[in-house]
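The residues making up each chain are set out below.
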Amino acid sequence: MAMRYIGKPLKRKEDPRLIQGLGHYVDDLQLAGMHYTGFVRSPHAHARIRSIDTSKARTAAGVVLVLTGADLQGAIGPVPCAAQLPDMKLALRPVLAHDRVRFVGEPVALVVATERYAARDATDLVEVDYEPLTPVVNPEKALEKGCTVLHEQYSDNIAYRWELEGGDLAKAFKAADKVIRQRLVNQRLIPVAMEPRGVVADYKPGEKQLTVWSSTQIPHLLRTQLAVMLGVPESSVHVITPEVGGGFGSKLNVYPEEALVGYLAMRLGQPVKWIESRRENFLCTIHGRDQIDDVEVAVKRDGTVLGLRCKVIADLGAYYQLLTPLIPTLTGLMICGCYKIPAVRMEITGVFTNKMATDAYRGAGRPEATYIIERMMDLVAAELKKDPAEVRRKNFPQPKDFPYATPTGVTYDSANYQKSLELALRNSNYKRLRQEQAKLRRQGRYIGIGLSTYVEICAMGPSSAMPAGGWESATVRVEPTGKVNILTGSSPHGQGQETSFAQIGADVLGLEPDDINVVHGDTARVPYGIGTFGSRATAVGGTAVYKSLVKLRDKLAQIAGHLMGEAPQKLVFRQKRIISKATKKSIAFGEAVGAAYVAKTLPPGLEPGLDATTFFEPSNFTFPFGVHVCVVEVDADTGDVKLQKYVAVDDCGNVLNPLLVDGQVHGGIVQAVGQALLEEAVYDEHGQLITGELMDYAIPRAADIPWLETSRTVTPSPVNPLGLKGVGEAGTIGATPALLNAVVDALAPFGVRHLDMPVKRERVWQLMRKGRRAK
Amino acid sequence: MAVEIQVRVNGKTHDSRVEPRLLLVHYLRDVLGLTGTHIGCETSLCGACTVLLDGKAVKSCTVLAVQADGSEVTTIEGLAAQAPGNGAKGGLHPVQEGFWEKHGLQCGYCTPGMILTSVQLLEDNPDPSEAEIRRALAGNLCRCTGYQHIIEAVRYAAKKMSKGKR
Ligand code: FES
Ligand code: FES
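Read top to bottom, the protein sequences are chains C and B. Residue numbering for the first sequence follows my numbering, starting at 1 and increasing by one per position. Residue numbering for the second sequence follows my numbering, starting at 1001 and increasing by one per position.
No lab work stands behind these hints, which were simulated from the structure alone. Glycine included, C-beta positions come from ideal geometry on N, C-alpha and C. Keep in mind that the hints are not guaranteed to be accurate.
Claimed, not checked - Capping the alpha-carbon separation at 30 Å, the derived lysine-lysine pairs in DSBU-like fashion look like this: (1) K584(C) x K1160(B); (2) K645(C) x K1012(B); (3) K600(C) x K551(C); (4) K570(C) x K1163(B); (5) K8(C) x K1012(B); (6) K1163(B) x K581(C); (7) K483(C) x K340(C); (8) K394(C) x K340(C); (9) K386(C) x K775(C); (10) K760(C) x K141(C); (11) K1160(B) x K645(C); (12) K300(C) x K340(C); (13) K8(C) x K1056(B); (14) K171(C) x K340(C); (15) K311(C) x K171(C); (16) K145(C) x K174(C); (17) K551(C) x K645(C); (18) K300(C) x K174(C); (19) K483(C) x K645(C); (20) K1160(B) x K11(C); (21) K600(C) x K585(C); (22) K8(C) x K394(C); (23) K1159(B) x K11(C); (24) K178(C) x K11(C); (25) K386(C) x K13(C); (26) K642(C) x K770(C); (27) K584(C) x K1012(B); (28) K760(C) x K775(C); (29) K11(C) x K642(C); (30) K431(C) x K419(C); (31) K174(C) x K13(C); (32) K171(C) x K300(C); (33) K1159(B) x K300(C).
Said to hold, decoys possible - Away from chain B, derived, C-beta distances all over 10 Å, residues of chain C: (34) E163; (35) E195; (36) G245; (37) K576; (38) I579; (39) R763.
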């Protein structure tokens, strides 16, 4: 295969429609007779519902239907959770609460009206009488004896306990010269995709077909779950994912509103639309992270890490969403980072609190792992008075050690951590930065240099390790006119696979990317697929595409060989022709395609038609890695932290389109800046989300970010034929610890060894004051 | 109690009867069917709904349709036609072109607002520095791109537009 397009920075095929306002997101759909629904949501974190009076709402202008949780008893199944852990307590969430509410924003009733504004108005007319109960907000207090219990069928708020141990931990801690301890808090975050969620549903009673348009990352899984929740045959449900305005994991889920809007369309026989407000998006779309990690590492004086122990309290919120319980366990799998740590133990306690559920938010469990190990490596370096780079180097496995099995039970596919570290140190001029830092300190200016060497687990994943299948599908169909449709089970929402998959197609079939159309996100057109999350669309979905393309190319070679009197193995596909390497004879690509459909000149025994499907099952995850270096300056008078320089070296294996990879890396790093310096979902002691709007929850703006200097090393993955690893989450995984390490480094002269995220000005200022006084 | 308004949108005059509380963004999207203008917050904080109102970038979720009475609105759908030399024959505005060339968008949701804010910036300041671009985009949030390719897109457009003037 000549690589004319793979690896090239092609402009995106999806852009012309998006830059002209011609794309269609859910809210852009207009159907005749559209009705609108709005939800009445609990203002209490924890309360019993005494009664609901819907009489005023029912008679309001434009209102056609008002329903409460009680009205829907038994009509719609609970919100699904695909994750299963041993001894996990069930916490089934009804689509509308009927006797008790367990977080602010939980829906208790809904209104359907003929107009958007009328639906919103009428939700205010529903009167709910609540009996407030004690809210459980702090996850540590939730574990105390005598604490109010969220799910009354249980005796406590523990959702599950999960343990993982590998290697001889007792020996490691006995042999240690030093044990370094730290409590690390990975704060709760809100994903904030710029497009809130939205659902439109339409039901055709004659055909018994329910069509649901939803802003989701998982159209097929959603279809299956909707069929189960609504009690209708899956063949009667059709899910379409139009343009999706960002997901970051927040749309890797099945939400009550999706089932409810589908139900309403069936019940009313009218199309129904629901568009989430930003306030609802903060309250009722999944949150991310939220762990308290108590960590201990056993080290030798030379910096060798012998063992690590980590106790995690994971705040899961009030109920499980699709993968809620599973996410903290990913922290366990990746806790060793890119170091040879012979012995580890993880103990995770999942806790119910009166908050929205946590679930997969960009990185999902791995940013937490990387933050833990990378902060600890810096603490080790500080304690042993060594350079952070040196301590890291000391503990890396060698390139010859790969595939490398960790004591947590995963096997890293391929890497060269040394190489990316050296490149990052060179690109950032690390030595000079250290000299500069020393000089500035003498002038009373405080810059900090932060380093993070990360490894992530991507290309989710082998089905044996996934809750709902880890394979991906692709069908490639060459139409009689010679144009190609790639139907992928992945569901891109900004990642650009309409372009990168067309690049694969063009190279395999010797065509142009414009000859290839990529179709996704429509369960009636595309074979069953798993979806886009866990940095899997390229490495797993792209491999399925590649395999189907190869099957089709081989079939076309047989057809062309027969027409040309040449051996099919000797044919190459180039510039829209099929060419014999031996005789240079050739025929047009379209001629072989025509022969496949006219079917008069096919080799004996060959089926007509040109359609190939693959369900690709990966043999392992992939493990991209990299090194990030950044510089911050802390203002000695105000405590303000300014990010000055950012250097990233990432290795995501082979690259299909470097432009897209850069975009993913930039976006991820900036989200990490959000976690490190700005963002925090704060619930007060009453369980009210007080950072419940963009006004109070600061996501990074353009002016918060310096120029990001990105580069790459390339270590192909042996797990798939194209050597791809995945890059969608690298930024949020690699960058957060680099940023915190830089801030702590800047504050080292003030005796600071740690501070929690997000780094707040007033906290920095206090620490500096305290440090000055102590001097 | 509906109110009569007349608004010129992308060069076409519309006479409509609207509720006084109808937001301009809902007027554009739901009444006129111009869904290229997006809604990300409805509270003036994200910039997804940015349009040009009498040539100035405004957040159309914070303008009432009745306030646009007698005004001229340009949305993303009508931008290309305004670019010098484009006219009816289509093509892209240089800022749109920049976003395409430099991969200035991923999910595309913030993009129409980003583009229209950038158009206004380049009108005020045809050769903005990186810092000036970052400051000008302070009211437009993007969760996907990390902004860097957007900066490059604006620079691309600045260069192209200054050439066009010479
Ligand atoms: S929708 Fe208008 S600023 Fe967000
Ligand atoms: S491209 Fe997705 S929000 Fe900007």
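Against the structure, the hints come out as follows:
1. K584(C) x K1160(B): violated, 45 Å
2. K645(C) x K1012(B): violated, 48 Å
3. K600(C) x K551(C): holds, 21 Å
4. K570(C) x K1163(B): Measuring from Cα to Cα gives roughly 51 Å; hence the hint is violated.
5. K8(C) x K1012(B): violated, 42 Å
6. K1163(B) x K581(C): Violated - the C-alpha atoms of K581(C) and K1163(B) are around 48 Å apart, more than 30 Å.
7. K483(C) x K340(C): violated, 50 Å
8. K394(C) x K340(C): Given that 30 Å is the threshold and the Cα spacing comes to 9 Å, the pair holds.
9. K386(C) x K775(C): Within the cut-off at roughly 23 Å; holds.
10. K760(C) x K141(C): holds, 25 Å
11. K1160(B) x K645(C): holds, 29 Å
12. K300(C) x K340(C): holds, 14 Å
13. K8(C) x K1056(B): violated, 38 Å
14. K171(C) x K340(C): Status holds; Cα separation ~16 Å.
15. K311(C) x K171(C): Given pair K311(C), K171(C) holds - Cα atoms ~19 Å apart, limit 30 Å.
16. K145(C) x K174(C): violated, 33 Å
17. K551(C) x K645(C): violated, 47 Å
18. K300(C) x K174(C): Holds. K300(C) to K174(C) sits at ~11 Å (cutoff 30 Å).
19. K483(C) x K645(C): violated, 46 Å
20. K1160(B) x K11(C): holds, 18 Å
21. K600(C) x K585(C): Between K600(C) and K585(C) the Cα gap is close to 21 Å, so the pair holds against 30 Å.
22. K8(C) x K394(C): Not OK: K8(C) and K394(C) at ~36 Å, beyond 30 Å, violated.
23. K1159(B) x K11(C): holds, 19 Å
24. K178(C) x K11(C): violated, 53 Å
25. K386(C) x K13(C): violated, 49 Å
26. K642(C) x K770(C): This hinted pair holds, its Cα atoms lying about 21 Å apart.
27. K584(C) x K1012(B): This hinted pair is violated, its Cα atoms lying about 58 Å apart.
28. K760(C) x K775(C): holds, 23 Å
29. K11(C) x K642(C): violated, 33 Å
30. K431(C) x K419(C): holds, 17 Å
31. K174(C) x K13(C): Violated, at about 59 Å.
32. K171(C) x K300(C): holds, 13 Å
33. K1159(B) x K300(C): With Cα atoms ~57 Å apart, K1159(B) and K300(C) exceed 30 Å; violated.
34. E163: holds, 36 Å
35. E195: Nearest chain B Cβ is 4 Å from E195(C), so the label is violated.
36. G245: Non-interface label on G245(C) violated, nearest chain B Cβ at 3 Å vs cutoff 10 Å.
37. K576: holds, 25 Å
38. I579: Label holds. Min Cβ-Cβ 33 Å, cutoff 10 Å.
39. R763: holds, 25 Å
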